[in-house]
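Starting from the structure of chain A, add chain B where the hints point.
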Amino acid sequence: MSIYLLQVINGIGIGMLYFLLAVGLSIVFGLLRFVNFAHGAFYLLGAYFCYQMTRWGLSFWLALAVVPLVVGALGWLTEKLVLRHVYAKPHEFHILVTVGLALAIQELVILQWGPLGDSVAVPDLLQGVVMWGSFVYPKYRLFVIGFTAVLAVGLWWVLEGTRLGSAVRAGSESTEMVSLLGINVFRIFSLVFALGAATAAIAGVLAAPIRGAEPFMGIEALGVAFVVVVVGGMGSFGGALVGGLLIGIVQSVMSTVWPEGARLMIYIAMAAVLLLRPHGLLGRKG
Amino acid sequence: MNTAMTILRKNFHLLLALAFVLAMPLTMQSGSLASEVLIYGLAAMGCNLLLGHTGLLSFGQGIFFGLGSYTIALTLTRWPLPMPLALALAVVAGAVGAALVGWVAIRQRGTYFVMLTLAFAQMFYFLAYSMPGLTGGDNGLMDIPRPSLAVGGFTLWPLVSPWQYYGFVAVVFLVAFWLLQKVSASVFGRTLLAVRDNEERAGAIGYDLRLLKLQAFVISGAVTGLAGALHAMMTGIAPLASAEYHTSEMILVMTVIGGTGNLLASLLGSAFYLIVGDWLSTLWPRWLLLLGVVLMVISLGMQRGLWGLFESAWNRLRGAKHPAKAQEGTPVGTGDKA
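Here the protein sequences come in this chain order: A and B. Going by the working numbering, the first residue of the first sequence is number 97, and it counts up by one from there. Going by the working numbering, the first residue of the second sequence is number 364, and it counts up by one from there.
If we strip away everything but chain A, and leave its shape as in the complex, we get:
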């Protein structure tokens, strides 16, 4: 029994990372109406930048603060220099341009750091485990759960409580109306895309000490983020949270029941949700 409880808590840890990964994708989709296939590449950059900074002897905490800003800036530039020029083109090309970008980033990472992955050390402060009676849990994973929970609240506040957030939410209803109200939507597009890239990078930094950094983690993460978003519902903040936790717990519990099939199960869970609730658990119709 306790092993399942442990796996559920493990699943919450993984699920919070999945949430962080998916929420950026979901918000970007909500506003810009296209799927960013380069989202996984920003996650990849997050992990590798963290790896590089720790290799330079800088602290993990500095990486956690700086890397999201750097990747966010890259996202901002990407929107300005590349994406802005495809909005008027047919829908497929919005996706294809980000596929090209993801491929280019992945190859640049291999060019710089080689095709093999490497591990990233857990920061000294969080090494070891916490023990409460018979309950044992790695400190670092506990930190990830707490940190992403705080971030989630912060993100929720940005979306629900600020002027930017209301512009983003209004923009995902009707971009035209928002621009008629005198708000510069293009600025909001850039900001939101940068925010999406930054959240993916945070997920990458947080994941690096758990699973290391390797060039193909981006595409793997993209697949998972898609599942979370499809399960939770596109463009929904709550959906990303519920979907992320659900998928994390399913994967974690299944890994004790059927280790080879744990990854498979998350996709089966997705297919099941989709057949029963085509717009996701918390998604809107249309």
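No lab work stands behind these hints: they were computed from the structure. Among the hints, erroneous ones may be present.
[Said to hold, decoys possible] Residues from chain B that keep clear of chain A, each with C-beta distances beyond 12 angstroms, as calculated:
id: 1; residue: K373
id: 2; residue: L479
id: 3; residue: L577
id: 4; residue: T598
id: 5; residue: T623
[What the hints assert, rightly or not] For lysine to aspartate or glutamate, the following DMTMM-like pairs were computed, each having C-alpha atoms within a straight-line distance of at most 25 angstroms:
id: 6; chain 1: B; residue 1: K545; chain 2: B; residue 2: D560
id: 7; chain 1: A; residue 1: K185; chain 2: B; residue 2: E563
id: 8; chain 1: A; residue 1: K185; chain 2: B; residue 2: E674
id: 9; chain 1: A; residue 1: K235; chain 2: A; residue 2: D220
id: 10; chain 1: A; residue 1: K176; chain 2: A; residue 2: E203
id: 11; chain 1: A; residue 1: K185; chain 2: B; residue 2: D641
id: 12; chain 1: B; residue 1: K545; chain 2: B; residue 2: E562
id: 13; chain 1: A; residue 1: K185; chain 2: A; residue 2: E256
id: 14; chain 1: A; residue 1: K176; chain 2: A; residue 2: E269
id: 15; chain 1: B; residue 1: K373; chain 2: B; residue 2: E674
id: 16; chain 1: A; residue 1: K185; chain 2: B; residue 2: D560
id: 17; chain 1: A; residue 1: K176; chain 2: A; residue 2: E272
[Stated by the list, open to error] Simulated DEER-style distance windows between Cβ atoms:
id: 18; chain 1: B; residue 1: S393; chain 2: A; residue 2: G153; range: 29 to 39 angstroms
id: 19; chain 1: B; residue 1: R470; chain 2: A; residue 2: E356; range: 45 to 55 angstroms
id: 20; chain 1: A; residue 1: F282; chain 2: B; residue 2: W466; range: 34 to 44 angstroms
id: 21; chain 1: A; residue 1: Y233; chain 2: B; residue 2: D501; range: 24 to 34 angstroms
id: 22; chain 1: B; residue 1: F375; chain 2: A; residue 2: L260; range: 52 to 62 angstroms
id: 23; chain 1: A; residue 1: Q148; chain 2: B; residue 2: R372; range: 54 to 64 angstroms
id: 24; chain 1: B; residue 1: S675; chain 2: A; residue 2: Q148; range: 54 to 64 angstroms
id: 25; chain 1: A; residue 1: S270; chain 2: B; residue 2: G569; range: 23 to 33 angstroms
id: 26; chain 1: A; residue 1: T352; chain 2: B; residue 2: S644; range: 36 to 46 angstroms
id: 27; chain 1: A; residue 1: L165; chain 2: B; residue 2: N374; range: 57 to 67 angstroms
id: 28; chain 1: A; residue 1: Q148; chain 2: B; residue 2: T518; range: 31 to 41 angstroms
id: 29; chain 1: A; residue 1: L260; chain 2: B; residue 2: R681; range: 46 to 56 angstroms
id: 30; chain 1: B; residue 1: N561; chain 2: A; residue 2: W253; range: 37 to 47 angstroms
id: 31; chain 1: B; residue 1: N561; chain 2: A; residue 2: G334; range: 30 to 40 angstroms
What you are looking at is a predicted structure, and each value in this text was computed from that prediction instead of being measured. Note that beta-carbon positions come from the ideal geometry of N, C-alpha and C, so glycine has one too.
Frame of chain A, contents of chain B only:
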């Protein structure tokens, strides 16, 4: 004379394909590379039927490619079936796989559809990975034989050397190309174009959109399964990699680079990807970086792909002689289906 011209014009793309197939052995060193161009050309045409004709962007083509590979590997190594029958079985496997994936994915439109195809591709990968008894897991299936075409013990067509195999692939390719041209020129093919151009309108007229898309999906899956089987026979292995995201991405990239206006453009895309890739990879192993950039350039500024590039060049050339004819340039996607 006139009828000859009509036949020529009607089968113009088929003749171009034939010329291409005949030109490769004359200009290329490696029979394997030439076979690969045709094999991925088939897969890209399957993808093109969805993207160019129906407006469905599928990231799941690797599923059908992998299904074709695994099917032919299993039939040729475990059951003593004649090779053409095994090939047919691979086509069926691709079609059935596409029917299943399509049945679920087509319930969604636009972006959701795209994400679903990718999620199914990942699902298939992990499915193949978690069933090592059937698929060989991480190692894949190895030692796939390449039996020669024989009737009653008499060898009609040996497939031992790469160029002998190329001949066989070429015939299969041309037949499949001819059939796909027929499909795209048929009422069904024209209806798909209507779905692509305006789904609401096509639905309002009374077409069953789901059925049409599902049919397109099944045809695409069948062709891609065929390509997967031919590829497995060429290399002798059905690796797990053929079920990976990378395969789906590669097929899609070839399709987009070639252009989605007509089916022959896909052969161009496959040839460009493989031949240029083969050449560049000896110079610089990370040539995929350039490919990513090319894909971005195509998305930003030349959405009709290489085919569109050649077409405008040709029109400009002709326009210099007959200025009036230069106006005939075909719009995106609705190009001459010959």
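Status of each hint after checking the structure:
no.: 1; hint: K373; verdict: 29 angstroms, holds
no.: 2; hint: L479; verdict: 7 angstroms, violated
no.: 3; hint: L577; verdict: 16 angstroms, holds
no.: 4; hint: T598; verdict: 22 angstroms, holds
no.: 5; hint: T623; verdict: 8 angstroms, violated
no.: 6; hint: B/K545 <-> B/D560; verdict: 20 angstroms, holds
no.: 7; hint: A/K185 <-> B/E563; verdict: 20 angstroms, holds
no.: 8; hint: A/K185 <-> B/E674; verdict: 20 angstroms, holds
no.: 9; hint: A/K235 <-> A/D220; verdict: 11 angstroms, holds
no.: 10; hint: A/K176 <-> A/E203; verdict: 22 angstroms, holds
no.: 11; hint: A/K185 <-> B/D641; verdict: 31 angstroms, violated
no.: 12; hint: B/K545 <-> B/E562; verdict: 23 angstroms, holds
no.: 13; hint: A/K185 <-> A/E256; verdict: 31 angstroms, violated
no.: 14; hint: A/K176 <-> A/E269; verdict: 22 angstroms, holds
no.: 15; hint: B/K373 <-> B/E674; verdict: 18 angstroms, holds
no.: 16; hint: A/K185 <-> B/D560; verdict: 14 angstroms, holds
no.: 17; hint: A/K176 <-> A/E272; verdict: 19 angstroms, holds
no.: 18; hint: B/S393 <-> A/G153: 29 to 39 angstroms; verdict: 49 angstroms, violated
no.: 19; hint: B/R470 <-> A/E356: 45 to 55 angstroms; verdict: 29 angstroms, violated
no.: 20; hint: A/F282 <-> B/W466: 34 to 44 angstroms; verdict: 40 angstroms, holds
no.: 21; hint: A/Y233 <-> B/D501: 24 to 34 angstroms; verdict: 31 angstroms, holds
no.: 22; hint: B/F375 <-> A/L260: 52 to 62 angstroms; verdict: 56 angstroms, holds
no.: 23; hint: A/Q148 <-> B/R372: 54 to 64 angstroms; verdict: 60 angstroms, holds
no.: 24; hint: B/S675 <-> A/Q148: 54 to 64 angstroms; verdict: 44 angstroms, violated
no.: 25; hint: A/S270 <-> B/G569: 23 to 33 angstroms; verdict: 31 angstroms, holds
no.: 26; hint: A/T352 <-> B/S644: 36 to 46 angstroms; verdict: 42 angstroms, holds
no.: 27; hint: A/L165 <-> B/N374: 57 to 67 angstroms; verdict: 60 angstroms, holds
no.: 28; hint: A/Q148 <-> B/T518: 31 to 41 angstroms; verdict: 59 angstroms, violated
no.: 29; hint: A/L260 <-> B/R681: 46 to 56 angstroms; verdict: 54 angstroms, holds
no.: 30; hint: B/N561 <-> A/W253: 37 to 47 angstroms; verdict: 42 angstroms, holds
no.: 31; hint: B/N561 <-> A/G334: 30 to 40 angstroms; verdict: 34 angstroms, holds
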